[in-house]
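S.K.: Hints given; two lone chains; assemble the complex.
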Amino acid sequence: MSRTPLHRPSPHESALGHVTGRARYVDDLDAPPGTLVAQVVPSPVAHARITRLDVTAARAVPGVHAVLTAADIPGVNDIAPVAHDEPLLAEGEVHCVGQAVAVVVAESYAACRAAAKAVVLELEPLPAILDLEAAVAAGSVQGDLHEMRRGDVDAALASAPVRLSGTYRTPGQDHFYLETHAALALPEEDGALFIHSSSQHPSEVQAKVAEVLGLPRRMVRVQVTRMGGGFGGKETQGAHFAALAALGVRATGRPVRIWLNRDQDMTQTGKRHPFYSEYEAGFDEAGHILGFKVKTWADGGWSMDLSKAILDRCLFHLDNAYYIPSLYFFGQVARTNTPSNTAFRGFGGPQGMAVVEEVMNRAAERLGLDPAEVRRRNYYGDAPRDRTPYDQVVEASRSARIHAELLETSDYEVRRAEIEAFNASSRVMKRGIALQPVKFGISFTHSVLNQAGALVLIYADGSVQVNHGGTEMGQGLHTKMRTVAAHALGVLPEAIRVMATATDKVPNTSATAASSGADLNGAAVKQACETLRGRLAEVAGTTLGVPPAEVVFEGGEVFARGGAGRKLAFGEVTQAAYLAQVSLSATGFYRTPDIRYDAKAGKGKPFHYYAYGAAVVEVEVNGLTGEHRVRRVDILHDVGDSLVPTIDRGQIEGAFIQGLGWLTCEELVTDAQGRLRTHSPDTYKIPALGEAPPDFRVALLTGATQHDVVHGSKAVGEPPFMLALGVVTALRHAVAAFLPAGAEVGLKVPATPEAVLRAVMGA
Amino acid sequence: MNRIAFTLNGQPREVVDASPNLTLLQWLRGPAGLPGTKEGCAEGDCGACTVVLVEPEALGGPAYRAVNACLVLLPMVHGRAVYTVEGLADGDRPHPAQAALIEQLGSQCGYCTPGVVMSMFEACYRTDLDEDWKLDDQMCGNLCRCTGYRPIRDAARQVAGTRPADAFSAALAEARPEPRALSYEGAGGRFFMPEDWAGLWAARAAAPDAVLVNGGTDVCLRITKGFEVLPALISLEALAPLRALEAHPDGSLFIGAGVHLSDLEAFARDHSPAVERMLRFFGARQIKNRGTVGGNLCNASPIGDLAPIFLALGAVAHARGPGGARTIPLDAFFTAYRQTALAPDEILEAVSVPAPPAGDVRVVAYKVSKRQELDISAVSAGLWVRLEDGVVAEARFAFGGMAATPARAARAEALALGKPWTEATARAAAAGLDLDFAPLDDHRGSAWYRGTVAKNLLVGFFLETEGGSGAPRLPYRPTGTVQVVAS
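Taken in sequence, the protein lines are chains A and B.
First residue of the first sequence? That's 1 in this note's numbering, and the numbers climb one at a time after it.
First residue of the second sequence? That's 1001 in this note's numbering, and the numbers climb one at a time after it.
Okay, chain B solo, but in the shape it has when bound (with noise of 0.2 angstroms):
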């Protein structure tokens, strides 16, 4: 088959004989002649190319997602229907996310506009922007160098959650998952979207070179700022098996590997408030909406954001490839550089937390970076320890930035437990650290730094979770991730 099909602005479309290659953004802007949408960067950092996907499965139903649409490839909307800026307006009438970014003066040279509009749409939408932070973090994917941001941010809260009563509304209730099954050929490429694990055997089986890819963040850099030429790809987004998302009763959670960070977001607030904590932090709205759990742990950066959580967690790792599935635990699951322990044919299915046990358990996500909002991190950690009597029974510190892999600190684990946690216990499991790792030295902070906010951020753990078990919610707007109210 060499069909894609999708709706644009509710209107039906086929693309026959592109690239699979070829960028939505590349696309809209080329041959669909629709200029609006920007490209400020190909690699989703500047979300001037914003547009909005309906996504029907949704955590908590159908919903308006914004996506960078320079790093969705045009296949990966076969049976999507795509909203650009230049769908919204009724007639001369502006939709009110574009009416009230005029009436704030929230564009200036106007060239990041269509991009804050798509983000302001999907607020306008949403039904869980309930805390004023999720405003920051649905709009910080959005860079405006003209207005310094404080007409964006009055406008986006003047829509939020608004639902207008309008055909987009409506659009939205009668969302349904389309077929999205596709096996596509085009212009000497491949991509393979197969539903179900044997339509996975096969496409693997009939390209075995195939570059696996799920919602395309990290893969796609490497067409649009590498300009490699993916000549097969398989698309893991459509297989239904990967969205499980599971709490049950003793406390233990179920990740499937395909579930939208953004969805992973919504449902740990109730579940897991350390991993909410991490996502709080992670990328922007439009890479949460399209970014995955598996292919943030696949993709097995050193600095990965959820892996020092998990890793803190004692998360475990499902793999499944066509002679079955098995299961690996997280800190064995990252074995070198941007390497894990799953074999060729194998894909990671799942990522399961174990049921906390009971007693006195203290948990917490950090991530540190330049910029707080959509950066890298200098350094990310998960912090957990289990204390019984004032005692740390159990430690768990893993970091992120701090060597070729997230990994556990070894030394500075077995420096804290069977010591009362006090801050000095946490001082001298710190410095621990320096034997655990040699921090990388680069762009994003030097190795001095690394290693003094690593240790640093121990102590803040012990600081912030003083008072017992958890750690407190974040305000609005923390003076960085580590949150220590009292003195």
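Bound-form chain A, shown alone (with noise of 0.2 angstroms):
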């Protein structure tokens, strides 16, 4: 297996395009002449019944084509994914501020612009909830409750030696991908449309556009080239522009482009959920876990979206890697007048580690012991310490390896020792280091969604196009793909090419989302591929005279076993199929087997395995100013056995910052009227190049084949994300420094200079 490109190196499949600015994405796309654009007109309040909606001065403005309402849509006017509670065009309310009350379809934005201001809208204001705590006060929630329970916690707590009590909230974070949402509307014969989308969730684009159009699925095909990034924001809230450019085309007959500047997408798309948690928790002198209470909320904003299985995520995570002898988790989806959250990146995991990880590191430093003793001490282990709070078995948890062989990589003792000496002797520069576990379930929790297809088409001249049902936000995945692909049929990568992902190639596809691109799509690309490559070798088992067993692929070369014979090209072999009438297209399919979830019982097996990592974390604080620096951060992540090393390495490293930037710099403010304030780069601060550390060290777990995963490999989107948990701690151990021996540390998140200088002052 000298010659594959499994497991190997390589850069990322468009990167020549991203560099020379020759890689399209929707709005760079040509559009054909006579194409109109379009722009939401937004509600301006947050909550307010509709008294009046007239855009007959609108449609008069010069250069519009078309101004629609909820009056104007032929279908059914809901975009919501699961919950049927999110009209596209509002109708009778609006819910937040930033919700789309008609679109303008015109010649130009400046049109759009004349247009939205022409358009008479009165509203009579309702009483808007606006933050999280204040719709927990008032009950204001929506969608079931989610609970899981194990043996009596009350009693355990009660009888625990060191009990921990308190709140807990993480905040809200915008994806900020570099290219905003946007979608490009075409009409085809018959009343068809075909659709460019950036979206992580074709075929949802494709039903929502059918049901508002009132359509059936046959006449919408939409294709994703590819994202300027996604992180989850992509995988719902696309349908919206995809539709109402759809609108927009059944109301001109013309082709329209929709583009969100990026305070429109900011105040108009929905964000990572808030979450706000209340817990109790009891620990022996030791530091193990004894028992532990969570009620938590996740702000939904005002429709559910994805909210449901956001707040199950959490809860399947309150545990992150420590086994929880007794336990009681509470969750529920509160309901606020803000844009309606969404999937991002962890997908409430997060957040509901972050519970878990206050109270460990308020337990370590209530014992006076090492916060990373105290993680190791609780890791799962063999039975009965190897169940989670929702019954799944934690088979060979690798947290206890990782921790190990990371505590060593990084010379953390030592590095402990050194921080507390610097402690001792400096007084505005504080150190502090922390060791980061993460334990991240994968698969979709909606067992269903956990299926894939695949199409693979081999011209007769050995070229190979490669189609799945999973989209290329940056991520790598149609890197991975033309991997196995060409793995699997023994050729070069440069003979594959990935085409981009269209609902008229791969049918019913679910979002590339849950970590799950690689391993979904991965098996489905791979059977496709192992079935053309039988049906090659029986072609060539004929030509070399050998049972097509014997029939080797490898390189872009054909050859018998042991390589002693003659050797064909693979564009000979797929000659030679053609000319023996010979199909040279398949379809793989993949679902994952032996997955389910009880929700009303708390109990089963949500995930198919589970993916590991650890960071040891060493940052820097000025007490005079709260600022602060990541000086080097060390990873040990387990991706199984990497498909492509570089791009998982890429994963980690860009998870890790994006971590970062939730849990120190991004703070999204919101005023009295529920109006964003932080919606554009000025205000909302993601990490710049210098918040990378200037010592940056990632490697791979080695030996850890993962079973029943394309090849022995990992999920690797979602789970390093976590892993910057470890800044917090580390920023906690440098604060304690500053205060007095075993005062509290009260560290809000994000630890913006200001939340960190309120620690170090006890303000």
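Hints listed in this document are in silico derivations from the structure and should not be mistaken for laboratory results.
Careful, some of the hints might be misleading.
Computed list of lysine to aspartate or glutamate pairs in EDC-like fashion (alpha-carbon distance at most 20 angstroms, straight line) [what the hints assert, rightly or not]:
1) Lys-605/A to Asp-695/A
2) Lys-748/A to Glu-365/A
3) Lys-1419/B to Glu-1466/B
4) Lys-567/A to Glu-557/A
5) Lys-567/A to Glu-554/A
6) Lys-1225/B to Asp-682/A
7) Lys-117/A to Glu-1413/B
8) Lys-605/A to Glu-405/A
9) Lys-1225/B to Asp-263/A
10) Lys-603/A to Glu-395/A
11) Lys-605/A to Glu-395/A
12) Lys-1419/B to Asp-1442/B
13) Lys-1134/B to Asp-695/A
14) Lys-748/A to Asp-1442/B
15) Lys-605/A to Asp-386/A
Predicted, not measured: the structure shown is a model, and the values here were computed from it.
M.R.: Now the structure itself:
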């Protein structure tokens, strides 16, 4: 297997296009002459009854071709992915600032803006709930509650030697994909549409557009070439803008382009869910957790979107990597008058883990133990310490192994001692260090979504097109799929073209989400390619005079095992197959076996497996300003047998820095009227290059083959995001050095310089 | 005249009848058919639209300069050479900046990548990337949401300062200033770019309501974010007298209002470490390559980052109008929120910094913001004391972000005067800041934070300069702008 690209470094499949500017995104596409542009007319208020909506004057603005409201929707006015609670265009009431009231279709964005100003919208204000705590206090909730329980948690807490209680809030986060939402809708014959969408979920865009227009899905085809970043923000919410563009096509008969500027994107779309939790925890004096009781609420915004599944994943990760003997978890989605919050890398997992990590930190600080050691003592282990709160058995937990290896390679103990010495002698600067483990469940928790398809086409010249259901948003999925296909067919990756994701190639796909893209689509691509290789082996076997099982495909050559005889070029075999009237296209399909979850009981096996990792993070804090820096990060991450290690490293580094942003510098500030004040990079600060630690070491766990996943690999998209929780623990270590011994550290997230200075000054 | 002429990726281009409010980015993506350059924010904060201009008159000789195309109006490139991401590869052979990014996997989604490439392209041909922090500064104006930056930093380091012997190096060597005078009308708008005083006064007479613009990093936001139409603009960027940059033997400085902040940064390295220190935390490379000293001061924002350090240095503003020139002490220059003492027909010509007095002078500039790179200050400060026998003989404590204008802290200064320069004195003076200021309270920082940090900066200033004159040089990546090394 010397010439397979599998498990080998590779650049990104589109890298040359990226660096030359030739890679095209939706708004870069050459649109036909006559293409119009569309813009949303957003609600200016958080909650109101619409008493008058008159677009007559707006329609008369020069250059305007249509101004459409709910009354102009031919099909169903609903864009919700699950709950049917989200009209595409407002009807009767508006529920948040930025909600679409109408859409203008015009010859220029300037005309759109002029028309939006001419829309007569009269509103009768209604009471608005603008933040999560207010919603919890008011009982403003949506959807069912979710509970998990084990043992007698109250008794365990009552008898615990160390008891902690408190509340914890994790903030929202804007996706800040560099490419904002965009769609280009083109009319086809007989009322059909062809839509280019910047979406992680083309099948859902297809389904929602068809519903909105009252068409069968066969009349709508959706294509995604690539996205300029997604991170969950384009899992459901791209459908809105595609549907608005499609409505525009229906109304005008002309192609319609929609593209959001940054302010529109940030004010009109949902974000990571803020969570508010109330907790009680009990520990023994050695730092073992005995009981854990958590009530948590997710800020769903004004409609459900994916909030239920996000809440579920929060509950599934309130344990992180720790065995909790007795527990009660309660979760519910709150409803506020803010844009509907949506998927974002980690999907509730980070918010759940943040709670248990706060508790671990407080316990360690209370007990005077190294927080890393407290974590180690609580890892899942052998039965009975191998059952999650929802009764899935954690098989062969890798936490302890990763912990031991990373402590060693990061020189943790020595550095911790050095930091203590530094802190004792440094007045203005203090340092901190922490180890952060992660265990993250892999599978869509809505089990039916765990399926994928592929369509592989081989042309007689031996060149190959691979279609699969996953979308490319930068994560390197196409690079991995090309690798899987090249390995299966024994060709060079350059012989393969991974096609734009299209609903007319692979139908009924799931979103590229839940870190599952490579697992699910990889298995489907592999199956399709192996089917084709089987057919080609028959053909080649005849030529080579060996049984099909003895035919080897490798590096673009086909030969008999042993390599002694004649070598055929792959293209010779495909040409021979064509002449022999052998089919050179095949589909592949995969569904994840043996997963299920009973939400009522709070028990089941929702995950196919767990991904693991750990980070050691060192920070420095300036006690005069609260400014802080990450000095060094060491990560040891479990990606199984990496399909493409360079791609996985990129995912790990990128996820860590995105998590760092969530926890330290990204701050969503909303005013008393529910208007987002931080709606562009001027005021909303994602990490810049300087935030990347100068010393950033990433290693992949070796000897970590994952059974029952394509080529022994593991999902990587989300799990490393949560490694950044170690930044908070390290900051607490540094902050504690400014405080009297034994003082509680009150550090909120995001740990902005202001938050850190407050913690340092006890203010 | 209704013709804008420039070169694009080495080819001469002419544009006629375009609105002078059209940005270079809009023109590239639209009429020019070059969508490689992306819009990520339209406000100069993300760098996805980064392109490169040749700056024939850069300090130290002709240079490539990365700029945000979203904040460049098309007439501003008249007489210039522009390069975009489409113009770098030699056929199918990528430019070294592109090749390094591919090799390091510095692109994931690819949307920020064209801008990253162009910033790396500037880095490739820079001759002064001699300290690690400058590389971070070079690249910090390019936000990337995918990679976590490690591969981008590694790729940039790989090519920085390599100055390959290629067509771009040759083009740079041949770059000469082109005539840039422009009096343009198109699509109902006017754009004047005079090269001398007479031309400026004529333009102002012809268009009395015209908006003055220099680098455009602030004015253009009115167009790209506020969707205003500015029917007449007068650009000062071709006005030769504004580019003066002089260091005199007595240590005094004369800094033209049109000097780009990147040139001021290079100049300050040799002539004013305190100013250099502020510029290290100032904007991003793309902003510094277009933003000017005069723009930063005349904008008169409460948090204009040059103002506090210039106030602390006792700088003087030089105003000029059709009737002549006059000077205004900088502490009388900022009259109210975004208001200056300039008369309606005057412009800022320069700012001068007096020769430092002999003896024990200590001065530091600080800037504290939510994010260290490319962020607007929560608090900025320029702190200056002159000691005689360890006693404060003169003090100038100037702050940004603390009031409606950048301002000196009179009470705090008074509390320090005549006292031995000790930590106790610094703390006592800091307490005076509560009387001097009622700080802003917004999403960049609460009033509590601003007030507390301002006081702490004064203490930090003492601690940092305790050993004697000046301040320690900052390391590659300081944790915060205050650098107290010793306990």
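S.K.: Within 20 angstroms, alpha carbon to alpha carbon, are Lys-567/A and Glu-554/A?
M.R.: Holds - the C-alpha atoms of Glu-554/A and Lys-567/A are around 10 angstroms apart, at most 20 angstroms.
S.K.: Next pair to validate is Lys-748/A with Glu-365/A; report whether the Cα-Cα distance is within 20 angstroms.
M.R.: holds, 16 angstroms
S.K.: Run the distance test for Lys-748/A versus Asp-1442/B: straight-line Cα separation, threshold 20 angstroms.
M.R.: holds, 18 angstroms
S.K.: Does Lys-1419/B pair with Asp-1442/B here, judged by a C-alpha cut-off of 20 angstroms?
M.R.: Violated, at roughly 35 angstroms.
S.K.: Would the hint linking Lys-117/A and Glu-1413/B be met if the CA-CA limit is 20 angstroms?
M.R.: Roughly 51 angstroms between the alpha carbons, so the hint for Lys-117/A and Glu-1413/B is violated.
S.K.: Measure nothing beyond the straight line between the CA atoms of Lys-1225/B and Asp-682/A; if it is 20 angstroms or shorter, mark the hint as holding.
M.R.: holds, 11 angstroms
S.K.: Between Lys-605/A and Asp-695/A, does the CA-CA distance stay at or below 20 angstroms?
M.R.: violated, 39 angstroms
S.K.: Holds or violated: are the alpha carbons of Lys-1419/B and Glu-1466/B at most 20 angstroms from each other?
M.R.: holds, 15 angstroms
S.K.: Under the criterion that the straight-line Cα-Cα distance not exceed 20 angstroms, is the pair Lys-605/A, Asp-386/A satisfied?
M.R.: holds, 13 angstroms
S.K.: Does Asp-263/A lie within 20 angstroms of Lys-1225/B when you go C-alpha to C-alpha?
M.R.: Holds, at roughly 9 angstroms.
S.K.: Going straight from one Cα to the other, do Lys-603/A and Glu-395/A come out at no more than 20 angstroms?
M.R.: holds, 17 angstroms
S.K.: Starting from Lys-1134/B, check that the Cα of Asp-695/A is at most 20 angstroms away, please.
M.R.: Since the Cα atoms of Lys-1134/B and Asp-695/A sit roughly 17 angstroms apart, the hinted pair holds (cutoff 20 angstroms).
Taken one by one, the earlier hints fail for this structure at numbers 1, 7, 8 and 12, listed in ascending order.
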